[in-house]
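From first to last, the protein sequence lines stand for chains E and H. Heads up: the first sequence runs through residues 1 to 166, numbered per the working numbering. Heads up: the second sequence runs through residues 1 to 166, numbered per the working numbering.
Everything labelled a hint here was simulated from the structure, so no lab data went into it. Careful, some of the hints might be misleading.
[Claimed, not checked] Anything over 12 Å on all C-beta distances counts as not near chain E; from chain H, calculated:
1. L57
2. R59
3. Q71
4. D74
[Claimed, not checked] Covered, in the sense of this in silico footprint (three residues per stretch, anywhere, with C-beta under 8 Å from a C-beta of chain H), are these stretches of chain E:
5. 94-107
6. 132-146
From the three backbone atoms N, C-alpha and C, an ideal C-beta is built for every residue, glycine too.
Spelled out from the first residue to the last, the chains are:
Number of protein chains: 2
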Amino acid sequence: MRLPTPWRELESGVCSIARTAELIGQPWMLLVLRDLFNGVRRFDDLAEHLSIARNVLSRRLAALVEAGVVQRTDYREPGQRARQEYRLTPAGWDLRPVLLAMMAYGDRHLTDPDGPPTLVDHAGCGGAVRVALECEYGHRIEPDTRLTGTPGPGARWRSTSSTATG
Amino acid sequence: MRLPTPWRELESGVCSIARTAELIGQPWMLLVLRDLFNGVRRFDDLAEHLSIARNVLSRRLAALVEAGVVQRTDYREPGQRARQEYRLTPAGWDLRPVLLAMMAYGDRHLTDPDGPPTLVDHAGCGGAVRVALECEYGHRIEPDTRLTGTPGPGARWRSTSSTATG
DNA sequence: CAGTATCCCAAGCGATACTG
DNA sequence: CAGTATCGCTTGGGATACTG
């Protein structure tokens, strides 16, 4: 089915996916975030673990700080000299579902036959963590469940009959 | 806290996030996927709507096909000549949570004051769709809930005390 | 309409060297 | 240890032109 031109009205710039992609779609960004979620906090540790050029890492961290995803802080361990660390902000933690959804996809479709390299569990009870879609009325959304996209308050586009995502 | 060197054992190559990032982290990829989810299926429509160079789009679609995310099919509308279309495979639909999680982040943190540009609803009941984290025993995972990462069957790294993601 | 081929050019990665 | 500055050099995007 040929989509009507209204789609043209949906500028990439006012799309939440596009805006998020602008941030996390940069090279290295997702891996930097992965390491931050995993508790790596120091510049040199990130640089070494990722084997990323230091100037690139510097730019990426700056972008994360500017986006409010990461906070740079000075701290001092007792008896040691001052150091700096990069720590996710609450906004940063809101990216966790993105990473976990990516991990779920990779585990399912891109993994060696022996199985997933990493298991993530709920620290409280040890249960495996899943990413689930649901609607506000509590219905589970299965992979093939139909979704509809409609213009929201900040929209610059008109409605179409198309589905799935926006 | 200084992470111990075991982290070095976690090659990026055997990380599900890294592998998924290799696919969807390429420039344009996320926007191509967004349009595919939204029902855009024809080469020229994608090229025009995204304002992407045609050769780049060609490469991206090829990568998606090779990854098994998209299937290229010939079809013919009655009375029309044959056309081709790109359609998400079931594996492709498994990327929907990634896109929706990105959208949720963008809606919350990167949106203009007037609100989100697009609303996604459960087609059955009209309820707004949310991305939720939960553990296998049904506990909700809030943004700040602690998670633990441990080596899985396909791991090439040793355990650490670190948390959150793998 | 649906691509592929070719070219040019800039962005930006990586390496290295340098400062607090 | 934690970065910034400089500098090639390559990758790869964009425009254009060309085929089924």
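Comparing the hints with the structure gives:
no.	hint	verdict
1	L57	holds, 14 Å
2	R59	holds, 16 Å
3	Q71	holds, 14 Å
4	D74	holds, 16 Å
5	94-107	holds (count 14)
6	132-146	holds (count 12)
Taken one by one, the earlier hints all hold for this structure without exception.
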